[in-house]
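As given, the protein sequences belong to chains A and B, one line each in that order. Under numbering that gives the first Met the number 0, the residue at position 158 of the first sequence is numbered 157, and the numbers go up by one with no gaps. Under numbering that gives the first Met the number 0, the residue at position 69 of the second sequence is numbered 68, and the numbers go up by one with no gaps.
Keep in mind that the hints are not guaranteed to be accurate.
Note that identical chains are pooled: a pair holds if it fits in a single copy or bridges any two copies.
Restricting the straight-line Cα-Cα distance to at most 16 Å, the calculated cross-link-like pairs of lysine to aspartate or glutamate (EDC-like) are [as the list claims (entries may be wrong)]:
| hint | residue 1 | residue 2 |
| --- | --- | --- |
| 1 | 183 | 109 |
| 2 | 183 | 108 |
| 3 | 307 | 133 |
| 4 | 268 | 180 |
Read the hints as simulated data drawn from the structure, not as lab findings.
Protein chains: 2
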Amino acid sequence: MKLATLKDGSRDGQLVVVSRDLTQAHHATGIAGTMQHLLDDWNFISPQLEDLYATLNDGKARHAFAFDPRQCTAPLPRAFQWVDGSAYLNHVELVRKARGAEVPASFYEDPLMYQGGSDDFLGPTDDAVFASTDWGIDFESEVAVVTGDVPMGTSPDSALDSVRLLMLVNDWSLRNLIPAELAKGFGFLQAKPATAFGPVAVTPDELRDAWQGGRVHLTLESRWNGRSVGRTEAGPEMSFHFGQLIAHVARTRRLRAGSIVGSGTVSNKDWSRGYSCIAEKRAIETIESGAPKTEFMRYGDRIRIEMKGTDGTSVFGAIDQRVAPLQT
Amino acid sequence: MKLATLKDGSRDGQLVVVSRDLTQAHHATGIAGTMQHLLDDWNFISPQLEDLYATLNDGKARHAFAFDPRQCTAPLPRAFQWVDGSAYLNHVELVRKARGAEVPASFYEDPLMYQGGSDDFLGPTDDAVFASTDWGIDFESEVAVVTGDVPMGTSPDSALDSVRLLMLVNDWSLRNLIPAELAKGFGFLQAKPATAFGPVAVTPDELRDAWQGGRVHLTLESRWNGRSVGRTEAGPEMSFHFGQLIAHVARTRRLRAGSIVGSGTVSNKDWSRGYSCIAEKRAIETIESGAPKTEFMRYGDRIRIEMKGTDGTSVFGAIDQRVAPLQT
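Just chain A, same shape as in the assembly (with noise of 0.2 Å):
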């Protein structure tokens, strides 16, 4: 099942179910509302969604629409809480390596994660907005995972059955703030402005076989203004899976349902495949010459970011945001 939500002036949307070729839509409306009220209550609404899914793609559903990623929020405007891991330890290796850093051995066993904020999502299409490009703005691509309710102490494995949907994510950073800011301890905040996520946030089960083991093995790709950048392979060289690290943050407190879950810069040890952030091509470019070139985003540049399915096919839609300096 395939589902997005449409802007409609209010704060969390119109839930919408998406045909799986992404051309259509219909309303949920008489099913469930919002994103969050479907979350809240998965086992009886889901399957009245699925039921309307299946209606839509037959081309049967009385009242489907074109369907426009432009008229999407998040899938979730906003969510009760947001927490993205850095699962893909080439990814910290390089960066590491660059600045001539060693990897702690823990890295290995126990995954690295922050708490990010998620009152305020931007849409696929919005303008990632910011007051100075001083910052070094970056962008991220991702995977996300949202969960049903998980109880504290929970396994990895029995974590991975609370996996409701998946998303594609662009966990925007603004780099230059990031030594100050991780320096005073207590993590990131001015450093990650607001996160954006795909269209469309899909089942596992719409991933087939591409959903393994607690992992998404697909292509994602990165396009930055209209180059392509990465298309970095996002299976394999996940450290930890997503019942990891969702049973990493269940250690000590519940999980409640709507909870997203992120994967971190998707990184592979084949350089040639290029990157999913700037960062680290900044890293290659130092460890192989001593100084990175590669200069971070400017306003007007653009970052789409996609993944396709095994048939070919959008699984999410894309990403596709603008720079944009801040109106005062």
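Take the given structure of chain A and dock chain B to it, following the hints.
Quick look at chain B alone, frame taken from chain A:
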């Protein structure tokens, strides 16, 4: 105006207006179903609730009933954002001094804050459940504000205008998990389990002169197993006021209605006032005698946190929680 949320089996509970003396309550039915609903549309809804509040205080509300804090969830049982400051620098100084570390000069100009989990808050009398007492279970007595919408790049003064409500907080902390977690560099996750809130959220006008310069000038009492261990002053030594904390978060992003911003552990230079968290008592013991003596909390321990107004009545009602083992 005083407001609370009652347990009704739903995830967001039921909004009620509470009389100033905390004896009576009245459902907000027909005006707003939930606290978030109120915050989403504050300017339209709050005047209607203020009318009901006046009627309730006059003893003329026809369907008033006895207010019972044990029936309360947190005022927001789940929220879209919870960020907590460490705005009492005395606390930071003590904890650092105990481990022989300096406070960086920047800490006096740039607030220390962390992004917390907000999907699962505890009510004022809910058990605080932990799987192990080896984790170093500690309370943290704080105050917090709930904001309306805050634009990106707001000034500290403007940020103060966005304060809608004040609340009492118990920011549970797992002290023995903190060093390893912070060493990883991405901030708190497992070391900050579900946070608890006092039964009643109040509008700033309820504090009269005690709400001044973005600070709450009242005494915060912490009673551990019935013994008063702290009577700390929340006002004068708050190094950054709430407008500064909000503006710090808003530097690179908007805050959306219902964001909760905490003060951090209330702490005074005068040690005779006691402590608002055990870690601080242990820091003082370490400074005085080379080692901590006071142990962290055990199963069955109780913590009661309350703040009285200048008239001697409880402002928010009391947080009164028991530490309990995880039942598996």
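- request: Determine which of the earlier numbered hints do not hold for this structure and return their numbers in increasing order.
  value: Violated hints: 3, 4; rest satisfied.
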